[in-house]
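Under the numbering used here, the first residue of the sequence shown is numbered 273, with each subsequent residue one higher.
Honestly, the hints are just simulated from the structure, not real lab data.
By construction, the Cβ of each residue, glycine as well, lies at the ideal position given by its N, Cα and C atoms.
Do not rely on the hints blindly, as some may be mistaken.
Cut-off 20 Å, straight-line C-alpha distance, at most; resulting in silico cross-link-like pairs (PhoX-like, lysine-lysine) [unchecked claim]:
hint : residue 1 : residue 2
1    : LYS332    : LYS364
2    : LYS364    : LYS327
3    : LYS313    : LYS299
4    : LYS332    : LYS299
5    : LYS380    : LYS313
6    : LYS332    : LYS293
Cβ-Cβ distance ranges computed for the label pairs, FRET-style [said to hold, decoys possible]:
hint : residue 1 : residue 2 : range
7    : ILE366    : ARG301    : 18 to 26 Å
8    : ALA331    : THR297    : 14 to 22 Å
9    : GLU324    : ALA377    : 15 to 23 Å
10   : LYS293    : ALA373    : 28 to 36 Å
11   : THR360    : GLY288    : 30 to 38 Å
12   : ALA386    : LYS327    : 28 to 36 Å
13   : ASP318    : GLN376    : 14 to 22 Å
14   : HIS302    : VAL365    : 16 to 24 Å
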Amino acid sequence: MGYERDRGSAQQRGYGQRWAKAAATFKRRHPHCLGCQAAGKLVATDVVDHVEPHKGDQAKFWNTALWQPACRYCHDVVKPRLERLFETGELKVIDLWLNSAAAQAMRKRHPPRADIGADGWLAG
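Let the hints inform the model, and build the full structure from the sequences given.
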């Protein structure tokens, strides 16, 4: 809980109106998740992910060359696992791209759950 409190609110970390506008533009230009595309699936982008954790560094935060389109699964399941390995020195920044060999291997180890449609059947 201390980490969450110490890192500040989303607004304090830069996720305000300017970010919302920039992220919306990026998602329009990159409508499909990079990690899912690499796995042969077309899944809509839900999140604009910072490839390298910016940790409040505004130069890294706004470096669009290090933004990638991600679905919720890739952002919330695959990327945190990659970042933990990056923090321990086991991966390099290039491995944090969702289409990297490391990300695709992580995806295979932690596959997405099958999507259930509104009718209760597996969505195809």
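Hint check results:
1. LYS332 x LYS364: 16 Å, holds
2. LYS364 x LYS327: With a Cα-Cα distance of about 16 Å, the restraint between LYS364 and LYS327 holds, given a limit of 20 Å.
3. LYS313 x LYS299: 17 Å, holds
4. LYS332 x LYS299: Within the cut-off at roughly 18 Å; holds.
5. LYS380 x LYS313: 14 Å, holds
6. LYS332 x LYS293: 17 Å, holds
7. ILE366 x ARG301: 18 to 26 Å: 22 Å, holds
8. ALA331 x THR297: 14 to 22 Å: At roughly 19 Å between Cβ atoms, THR297 and ALA331 fall inside 14 to 22 Å, so the hint holds.
9. GLU324 x ALA377: 15 to 23 Å: 19 Å, holds
10. LYS293 x ALA373: 28 to 36 Å: 34 Å, holds
11. THR360 x GLY288: 30 to 38 Å: Taking Cβ atoms as reference, THR360 and GLY288 lie about 32 Å apart, which means the hint holds.
12. ALA386 x LYS327: 28 to 36 Å: Check passed, 35 Å falls within 28 to 36 Å.
13. ASP318 x GLN376: 14 to 22 Å: 19 Å, holds
14. HIS302 x VAL365: 16 to 24 Å: Given about 19 Å between the Cβ atoms, the range holds.
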